[in-house]
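Colleague: If you read the protein sequences in the order shown, they are chains A and B. For the first sequence, position 10 matches number 9 in numbering that gives the first Met the number 0, and the numbering has no gaps at all. For the second sequence, position 53 matches number 52 in numbering that gives the first Met the number 0, and the numbering has no gaps at all.
Worth flagging that the hints you see were computed from the coordinates, not collected in a lab. Warning: the hint list may mix true and false statements.
Same chains, same names: a pair is fine if it fits in one copy or spans any two.
Pairs of lysine-lysine, PhoX-like flavour, derived with a Cα cap of 25 angstroms [unchecked claim]: (1) Lys177 to Lys148; (2) Lys199 to Lys177; (3) Lys68 to Lys22; (4) Lys118 to Lys68; (5) Lys199 to Lys151.
The structure displayed is predicted, hence computed values, not measured ones.
There are 2 protein chains.
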Amino acid sequence: MTQSHADFEARLRQIGAERYHDKHPFHDLLHGGRCTPDQVRAWVINRYYYQHSIPMKDAAFMSRVEDSKLRRIWRSRIEDHDGTDSNEGGIRRWLRLAEAVGLDPDYVASTEGVLPATKFAVDAYVRYVRDKSLLEAVAASLTELFAPKIHKDRIAGLLKNYDFADDRSLSYFRNRLKEAPKDVAFGLQWVLDHADTQEKQDAAAGALIFKTDVLWSQLDALYAAYVTPARIPPGAWIPGDQTTLAKVS
Amino acid sequence: MTQSHADFEARLRQIGAERYHDKHPFHDLLHGGRCTPDQVRAWVINRYYYQHSIPMKDAAFMSRVEDSKLRRIWRSRIEDHDGTDSNEGGIRRWLRLAEAVGLDPDYVASTEGVLPATKFAVDAYVRYVRDKSLLEAVAASLTELFAPKIHKDRIAGLLKNYDFADDRSLSYFRNRLKEAPKDVAFGLQWVLDHADTQEKQDAAAGALIFKTDVLWSQLDALYAAYVTPARIPPGAWIPGDQTTLAKVS
Numbered sequence: 000m001t002q003s004h005a006d007f008e009a010r011l012r013q014i015g016a017e018r019y020h021d022k023h024p025f026h027d028l029l030h031g032g033r034c035t036p037d038q039v040r041a042w043v044i045n046r047y048y049y050q051h052s053i054p055m056k057d058a059a060f061m062s063r064v065e066d067s068k069l070r071r072i073w074r075s076r077i078e079d080h081d082g083t084d085s086n087e088g089g090i091r092r093w094l095r096l097a098e099a100v101g102l103d104p105d106y107v108a109s110t111e112g113v114l115p116a117t118k119f120a121v122d123a124y125v126r127y128v129r130d131k132s133l134l135e136a137v138a139a140s141l142t143e144l145f146a147p148k149i150h151k152d153r154i155a156g157l158l159k160n161y162d163f164a165d166d167r168s169l170s171y172f173r174n175r176l177k178e179a180p181k182d183v184a185f186g187l188q189w190v191l192d193h194a195d196t197q198e199k200q201d202a203a204a205g206a207l208i209f210k211t212d213v214l215w216s217q218l219d220a221l222y223a224a225y226v227t228p229a230r231i232p233p234g235a236w237i238p239g240d241q242t243t244l245a246k247v248s
Numbered sequence: 000m001t002q003s004h005a006d007f008e009a010r011l012r013q014i015g016a017e018r019y020h021d022k023h024p025f026h027d028l029l030h031g032g033r034c035t036p037d038q039v040r041a042w043v044i045n046r047y048y049y050q051h052s053i054p055m056k057d058a059a060f061m062s063r064v065e066d067s068k069l070r071r072i073w074r075s076r077i078e079d080h081d082g083t084d085s086n087e088g089g090i091r092r093w094l095r096l097a098e099a100v101g102l103d104p105d106y107v108a109s110t111e112g113v114l115p116a117t118k119f120a121v122d123a124y125v126r127y128v129r130d131k132s133l134l135e136a137v138a139a140s141l142t143e144l145f146a147p148k149i150h151k152d153r154i155a156g157l158l159k160n161y162d163f164a165d166d167r168s169l170s171y172f173r174n175r176l177k178e179a180p181k182d183v184a185f186g187l188q189w190v191l192d193h194a195d196t197q198e199k200q201d202a203a204a205g206a207l208i209f210k211t212d213v214l215w216s217q218l219d220a221l222y223a224a225y226v227t228p229a230r231i232p233p234g235a236w237i238p239g240d241q242t243t244l245a246k247v248s
């Protein structure tokens, strides 16, 4: 049976409550100050791959949208990440974080050393948006519903526990707190309006579940590679490599 | 043998000299004032499909570009068509032309009535950019090298020969005269720099030939459907339909 907007939104939020990666044990370590400097660096290196792919995902979405007005609204997501004349953009901000944790930003930007499992998960997301329905593509973006809390926890936890953390190095997260709400308000309303049958509501819920899997599996891969018992796969970043500073405490 | 930049650029320009659609007989009719009002309308309806697909093509390109700086440069093409806060954009301008020639702009924007052969050609271009190398995708855009002349001829020919033509209805073409040169200067340099082997130069030349085919075949379809002996395929726009005015003289 087709759910009301309110019931369907509650169902989507419940998916976040059960599956969003704020519940992953790696985030407890990270935000609690229990990551080693190299574990923080491994996180920054791998998460960069996600950051750098998001505008490609959004462009893949726009490449399938026939409505000029919808494309124009969606374009602001790309601007937020790639930058504009008045905004350096999220990718540059992430590389500033990389520098602050003692990594060569050019190395991070090269995406060498990223875990294969990270690439598989993130690339699967880009392909998903290219191949599935527009409704599923928008619904997959709704993990941003759950992002403000994790960004606030992260800013507080990093500031409290790590020397590298300051306004400059954490500007990525502060900016996302400003940018994400407008995107997710639009995306949620669009999904509620367009998922007008049970079949479409199920598809949208499935897309959000898929996206939580994309996020969670990146942290599983990070945990397996760099947390006890660490088992770094061939070709992935080795602690100490490409490290210009050791100022993470 | 790999050609010098100068020789390779001359080869690309020669492709335009031989194959660009300024040589198509439909343009002689259009610019010479020998199109009937309905033939002008058929052109506006079908060419809209190309206009509306170009930002999707550019987004498909961006969805494959890993370099944030290149994506940001390319993004201005989408802005030119979809608009910004300070620029209504090429798609709106084209719909203004549609209105001026006496068509319902909502009908034109619906892309109903577009010739199937137009859709096949334009969709092939979007898919080409999604599937082929980035070099081929950029090289395919270089038909813009040849566009300023046809836009100038068109503005002069339409102003001279048709009552509907004025600054407002032709603003699409005037704007392209301002916008296209910056795009094509960047695109040409990028192709010259990246086509650094004979194999890549051949691929880039092939891409430009492909694109001239995309443009030419749209006019062939238009000619076959709406010029003597007209043979309109099932489902395509029928002269007189959706026509709100008869002010084209």
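Colleague: Does each hint hold? Answer for all of them.
Modeller: Status of each hint after checking the structure:
Taking identical chains as interchangeable, the C-alpha atoms of Lys177 and Lys148 lie at most 25 angstroms apart only when both belong to the same chain, with a minimum of 13 angstroms there against 46 angstroms between chains. Taking identical chains as interchangeable, the C-alpha atoms of Lys199 and Lys177 are never at most 25 angstroms apart, the minima being 30 angstroms within one chain and 44 angstroms between chains. Taking CA atoms no more than 25 angstroms apart as the test, Lys68 paired with Lys22 passes in neither setting, with 37 angstroms inside one copy and 34 angstroms between copies. Within a single copy, Lys118 and Lys68 get their C-alpha atoms only as close as 32 angstroms, which misses the 25 angstroms cut-off; across copies the closest is 21 angstroms, which meets it.
For the identical chains of this complex, Lys199 and Lys151 are neighbours neither inside a copy (33 angstroms) nor across copies (49 angstroms), given an alpha-carbon limit of 25 angstroms.
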